[in-house]
Amino acid sequence: MRRASVLVFLLVLMSVAMPDAVMSADDQPWRQRVSAAPPEMTSDDVTEEIRFGREVAARLLGRYGLYANDPLTKYVNLVGQSLAAYSNRPELKYHFAVLNTSEINAYAAPGGYIFITKGAIDKMQDESELAGVIAHEMGHINGKHVVKELDIKATEGSAAAGLARLIGGGTESARIAFSKAVDKAMDTLFTTGYKREDEIEADKGSVMQCAVAGYDPAGLIRYFERISAAKGKSTEVLDKTHPAYDARIILLKDSITAAAIDTAALKTYKERFAEAMKTKK
Amino acid sequence: MSFRKFSAAMAMVFILMVMTGVSTADEFHYNNLLIGDRATGMGGAYTGVSDDPSGLYYNPAGIVYTTGRNLSASVNAYYNTKKEYKNVIGGNGWERKATSLLPNFFGIVQPLGKLKFGFSYAVPDSIKEDQDQTFAGPLPTALGSPANSYTINFNNEDNTTLIGPSIAGELTNSLSAGLTLYLYHRSNQTILNQFIMLQDGRYEWQNQYIEKVERGYKPVLGLMFTPAEKLSIGVSFARIFIYNSSTTSQATFKDADAATPDDVTPPTGGPPSEKRKYPYELRIGAGYFPSSSLLVSADAVYYTKVSDPVNGDRVDVLNLAIGTEYFLNKSWALRGGIFSDMANTPELDPTRTNQDEKIDLYGVSMSISNFSRNTSITLGGSLTMGSGKAQILGGSTEIQSVDQAGWMMFLSSSYAY
Amino acid sequence: MNTKRIFVNLVISLVVCLIALQASAQETYYVQSVKAKVHSAPSFKASVLGEASRGTRLNSIGRSGSWLKVSYYGKDGYVAAILVSVSPPMAKHTMIKAGDADFQQGVRRRASTYTSAAAARGLAADDRRRLSGEDRLDYDGLERVEKYTISDAELTKFMEGGKI
Numbered sequence: 000m001r002r003a004s005v006l007v008f009l010l011v012l013m014s015v016a017m018p019d020a021v022m023s024a025d026d027q028p029w030r031q032r033v034s035a036a037p038p039e040m041t042s043d044d045v046t047e048e049i050r051f052g053r054e055v056a057a058r059l060l061g062r063y064g065l066y067a068n069d070p071l072t073k074y075v076n077l078v079g080q081s082l083a084a085y086s087n088r089p090e091l092k093y094h095f096a097v098l099n100t101s102e103i104n105a106y107a108a109p110g111g112y113i114f115i116t117k118g119a120i121d122k123m124q125d126e127s128e129l130a131g132v133i134a135h136e137m138g139h140i141n142g143k144h145v146v147k148e149l150d151i152k153a154t155e156g157s158a159a160a161g162l163a164r165l166i167g168g169g170t171e172s173a174r175i176a177f178s179k180a181v182d183k184a185m186d187t188l189f190t191t192g193y194k195r196e197d198e199i200e201a202d203k204g205s206v207m208q209c210a211v212a213g214y215d216p217a218g219l220i221r222y223f224e225r226i227s228a229a230k231g232k233s234t235e236v237l238d239k240t241h242p243a244y245d246a247r248i249i250l251l252k253d254s255i256t257a258a259a260i261d262t263a264a265l266k267t268y269k270e271r272f273a274e275a276m277k278t279k280k
Numbered sequence: 000m001s002f003r004k005f006s007a008a009m010a011m012v013f014i015l016m017v018m019t020g021v022s023t024a025d026e027f028h029y030n031n032l033l034i035g036d037r038a039t040g041m042g043g044a045y046t047g048v049s050d051d052p053s054g055l056y057y058n059p060a061g062i063v064y065t066t067g068r069n070l071s072a073s074v075n076a077y078y079n080t081k082k083e084y085k086n087v088i089g090g091n092g093w094e095r096k097a098t099s100l101l102p103n104f105f106g107i108v109q110p111l112g113k114l115k116f117g118f119s120y121a122v123p124d125s126i127k128e129d130q131d132q133t134f135a136g137p138l139p140t141a142l143g144s145p146a147n148s149y150t151i152n153f154n155n156e157d158n159t160t161l162i163g164p165s166i167a168g169e170l171t172n173s174l175s176a177g178l179t180l181y182l183y184h185r186s187n188q189t190i191l192n193q194f195i196m197l198q199d200g201r202y203e204w205q206n207q208y209i210e211k212v213e214r215g216y217k218p219v220l221g222l223m224f225t226p227a228e229k230l231s232i233g234v235s236f237a238r239i240f241i242y243n244s245s246t247t248s249q250a251t252f253k254d255a256d257a258a259t260p261d262d263v264t265p266p267t268g269g270p271p272s273e274k275r276k277y278p279y280e281l282r283i284g285a286g287y288f289p290s291s292s293l294l295v296s297a298d299a300v301y302y303t304k305v306s307d308p309v310n311g312d313r314v315d316v317l318n319l320a321i322g323t324e325y326f327l328n329k330s331w332a333l334r335g336g337i338f339s340d341m342a343n344t345p346e347l348d349p350t351r352t353n354q355d356e357k358i359d360l361y362g363v364s365m366s367i368s369n370f371s372r373n374t375s376i377t378l379g380g381s382l383t384m385g386s387g388k389a390q391i392l393g394g395s396t397e398i399q400s401v402d403q404a405g406w407m408m409f410l411s412s413s414y415a416y
Numbered sequence: 000m001n002t003k004r005i006f007v008n009l010v011i012s013l014v015v016c017l018i019a020l021q022a023s024a025q026e027t028y029y030v031q032s033v034k035a036k037v038h039s040a041p042s043f044k045a046s047v048l049g050e051a052s053r054g055t056r057l058n059s060i061g062r063s064g065s066w067l068k069v070s071y072y073g074k075d076g077y078v079a080a081i082l083v084s085v086s087p088p089m090a091k092h093t094m095i096k097a098g099d100a101d102f103q104q105g106v107r108r109r110a111s112t113y114t115s116a117a118a119a120r121g122l123a124a125d126d127r128r129r130l131s132g133e134d135r136l137d138y139d140g141l142e143r144v145e146k147y148t149i150s151d152a153e154l155t156k157f158m159e160g161g162k163i
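Heads up: the sequence lines are chains A, B and C, in that order. Residues 0 to 280 (numbering that gives the first Met the number 0) make up the first sequence, in order. Residues 0 to 416 (numbering that gives the first Met the number 0) make up the second sequence, in order. Residues 0 to 163 (numbering that gives the first Met the number 0) make up the third sequence, in order.
I should point out that these hints are in silico values taken from the structure, not numbers from a laboratory. Each hint can be trusted.
Restraint-style ranges between C-beta atoms, simulated for each label pair:
# : chain 1 : residue 1 : chain 2 : residue 2 : range
1 : A       : Asp150    : B       : Glu228    : 25 to 31 Å
2 : B       : Asn75     : C       : Arg143    : 53 to 59 Å
3 : C       : Val47     : B       : Met408    : 52 to 58 Å
4 : B       : Gln188    : A       : Ser42     : 53 to 59 Å
5 : A       : Lys269    : C       : Arg143    : 25 to 31 Å
6 : B       : His184    : A       : Lys239    : 55 to 61 Å
7 : A       : Ala263    : C       : Val47     : 15 to 21 Å
8 : C       : Lys34     : B       : Leu319    : 54 to 60 Å
9 : A       : Asp150    : B       : Arg214    : 40 to 46 Å
With a cut-off of at most 16 Å between alpha-carbon atoms, the simulated EDC-like pairs for lysine to aspartate or glutamate come out as follows:
#  : chain 1 : residue 1 : chain 2 : residue 2
10 : C       : Lys44     : A       : Asp261
11 : C       : Lys68     : C       : Glu26
12 : A       : Lys252    : A       : Glu224
13 : C       : Lys74     : C       : Glu50
14 : A       : Lys252    : A       : Glu200
15 : A       : Lys73     : C       : Glu153
16 : C       : Lys162    : C       : Asp151
17 : A       : Lys73     : C       : Asp151
18 : C       : Lys91     : A       : Glu90
19 : B       : Lys304    : B       : Asp315
20 : A       : Lys179    : A       : Glu47
21 : A       : Lys232    : A       : Glu102
22 : A       : Lys92     : C       : Asp151
23 : B       : Lys329    : C       : Glu26
24 : C       : Lys91     : A       : Asp44
25 : C       : Lys146    : A       : Asp69
26 : C       : Lys162    : A       : Glu274
27 : A       : Lys92     : A       : Glu47
28 : C       : Lys162    : A       : Glu270
Cβ atoms here follow ideal geometry from the backbone N, Cα and C, with glycine treated the same way.
With the hints as extra help, turn the sequences into a complete structure.
Now the structure itself:
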């Protein structure tokens, strides 16, 4: 009996003094059963995602301000909606806008909000480049990168769930949790960046998304090559939150080859882009 | 009248047979009730899996791998068992039925920092056994006259509960450890009433009850090892230690020749030596996860030999179980399992008397689960059957063959949030 | 012994059942984009077998990189995986509905064009100090973004390569 209590003590001590071991459900993904896979999205989840995305979008607009230039807004929306027609999330209404800043970047908020900075547009030379950037951001939304990371979903309304909540006790009010999640989403966009595999998925997605919509997916490569030369304050956030350009360019080229895309047969719309840029002040 | 004298009197009446307190519930088997929703469907082959709250019972190290942030599960089960003793009195068989409806498991797992904490309640043994039979005469007796009728009413309730906290954590990337410290409580109540009406007008009557309460604790130490991708090996080690055991009993007996019944009151409670001894329990299990919709697991559970002259010696036992789980799709899963539940009693010796029965049991279990986003509901059941030998008549060397069959149905729910 | 035979039979049938189930796995996908071209090979250069419209059910028989192998009118075809998903397409969701509590909240907040995130959350003064002006919320701008629409006709013309 004494031996048993010593054992108990040792075990507790061992567990408390453990090195930085992380919860390993993620380390051993093969343990995961299909039932634990992200459940099918419900209509309520979509609504919750949009509600969340609006909050993030309002913060982005609060930070940079909207670039109010109707012809340019229209052009960006036309390019965006051309891509959105080939989105795999028809439940979302995509919104496109330009942020009034010389910083070079683009942002996506869950629920379909896509923002491109004026600084980024200034660096572009054809429509396929703009399409590439929009498609990349669309990839973050369609891949639900923020939604999955922060577990944004509607609260379950079933009786069993209600009972379980009652037993489990909701310590954190839903409202605080929501605001905290918005804070975290902003951190992702401005400080920590998406997970590396999410960026890769968005880049790969951009290639396919552009190709199916008829845009040359190499536009994104050209854009990257150009902005990788630009150093300084305008790309500070972008550089901090994204993987190195060389690696991304290689990956994009590989994706184009793998999907056997004939870039020459696809459109860059250089003239139409130039025409649209004239409206810019 | 002392207890010993009372027993002698009982032995004289040759159809007085019930060795009360011996035939109780199922202390002759270690694997009486399967615990947990997934685990039950998989025949209890769960030591190598253990990644949900029922892991707290099988192998607490496994809860490190629970996927929900906070998980709870509860199981409600209905049990039905029938035992048939053949040729007990003049070619007549004895039949005992047991039923039970109970919440058999509740568990909750909560992560806290690098550790996972759990709390669970389990009922590894519970029975409500019943026998109401009247045998018509003439039946031979040693009382100078054959009996016109013999009536027996037997009721036995035996419940074991385990309740307690658990802690688990990862030691290295491929090794985790956990501990569950259960409080153990067992209560057993047996009531026996027998009435013999003799042909000459005399009668003999006996009424007796015995109540036992055991308190103790059961530490379960578990390890979970991942030697290779998709393979998980679990080991857990446990034993029940009793720190308090009390017995209360009372008996009333009317001899065929006596005018009034005689109270027979044996000493209340028991000396410290009456504390039951339990075996060490070693579980070794392997779980193989070939895909996200298929899981196969196998367990071997070994119980050591126990030498306990007061409560009966127990032989060592090895039980085996194999289980599998298959997801038809994201929301439906089927499970199946087979298991053994071997008797822990020695082989019956035809030259001795008052021996415990030995029935080796085999079982099969199945369940179906429906998963909605955070909840799952499981419906399942099991069948157990086996045959063996018993010596149900007190003071007799006669050995009867016994058939045992049982089934169980359960409904459970779990929730992750 | 009889029980043992039953036991063995049960094991065998269990295993057979599982193998049978495992073999029959096949996944259904639904086209989500307005239309999806079905190619004869996993390549944009490959010939086009046909065009499936939104909501079309496709049975997947494998995957090849960014392409999903599907059976299409008895033939093996390939469709870009980004155009499909496992559940049927959902109806479009919009946030702005009459009586929507959140929207009303948004309107109320708009009292001053910019609201700080901290104030919206009702945080204590300390927390508010911690947050900088970067946490302002611009609901006015958001509504302008949300209300901006382009007509289908304009979009169609644009997608066909027309001028702005």
